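Undergrad: Numbering (my numbering), first residue to last: 1 to 81.
The set of hints was computed from the structure by calculation and includes no laboratory data.
Don't take each hint at face value.
Claimed, not checked - Label pairs and their in silico Cβ distance ranges:
| # | residue 1 | residue 2 | range |
| --- | --- | --- | --- |
| 1 | 59 | 29 | 15 to 25 Å |
| 2 | 23 | 46 | 31 to 41 Å |
| 3 | 68 | 29 | 14 to 24 Å |
| 4 | 43 | 71 | 30 to 40 Å |
| 5 | 65 | 11 | 31 to 41 Å |
| 6 | 75 | 3 | 40 to 50 Å |
| 7 | 76 | 50 | 39 to 49 Å |
| 8 | 59 | 2 | 16 to 26 Å |
| 9 | 49 | 75 | 39 to 49 Å |
| 10 | 76 | 49 | 39 to 49 Å |
| 11 | 74 | 29 | 15 to 25 Å |
Note that this is a predicted model, so its numbers are computed, not measured.
From the three backbone atoms N, C-alpha and C, an ideal C-beta is built for every residue, glycine too.
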Amino acid sequence: MDRMYRVLGFWTGIFAVMFFVGDMYTTSLIFFGQTGFFLLLSYLKLSERMYMYVFGAYLTVFFIGFTYWSTFMMTPGVSGH
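Given these sequences and hints, build the entire structure.
TA: See below:
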């Protein structure tokens, strides 16, 4: 299970670099933070049950944040450009 967190860290790192190259600095910082979080967790040698609990908590926080952002922060029909 710890290897899957390294895989998650690898892919979030790839996304972070692509966001950085695309001049999306805030998004790239968020993904660099996630990369560090996943790589740190992968070397803690937790039990498989604990890895599943951590991943469930991560998904819960993500979905709450995404729902809040898409509901209250995005204005329909308004473009930033």
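Undergrad: Does each hint hold? Answer for all of them.
TA: Hints versus structure:
The beta-carbon spacing between residue 59 and residue 29, approximately 21 Å, falls within the hinted interval of 15 to 25 Å. Distance hint check for residue 23 and residue 46: the Cβ-Cβ separation is about 37 Å, which falls inside the suggested range of 31 to 41 Å. Checked against the given bound of 14 to 24 Å, the beta carbons of residue 68 and residue 29, roughly 19 Å apart, stay inside it. A hinted range of 30 to 40 Å holds for the C-beta pair residue 43 and residue 71, which are about 36 Å apart.
For residue 65 paired with residue 11, a C-beta distance near 19 Å fails the hint of 31 to 41 Å. Between residue 75 and residue 3 the C-beta distance comes to about 42 Å, which sits within the given range of 40 to 50 Å. The beta-carbon spacing between residue 76 and residue 50, approximately 41 Å, falls within the hinted interval of 39 to 49 Å. As the Cβ distance of residue 59 to residue 2 is approximately 18 Å, the hint placing it in 16 to 26 Å holds.
Evaluation of the 39 to 49 Å hint for residue 49 and residue 75 yields a pass: the beta carbon distance comes to about 42 Å. Range check, residue 76 to residue 49: about 42 Å between beta-carbon atoms, so the 39 to 49 Å window is met. A beta carbon spacing of about 20 Å between residue 74 and residue 29 agrees with the range 15 to 25 Å that was offered as a hint.
Violated hints amount to a single one, hint 5; each of the other numbered hints is respected by the structure.
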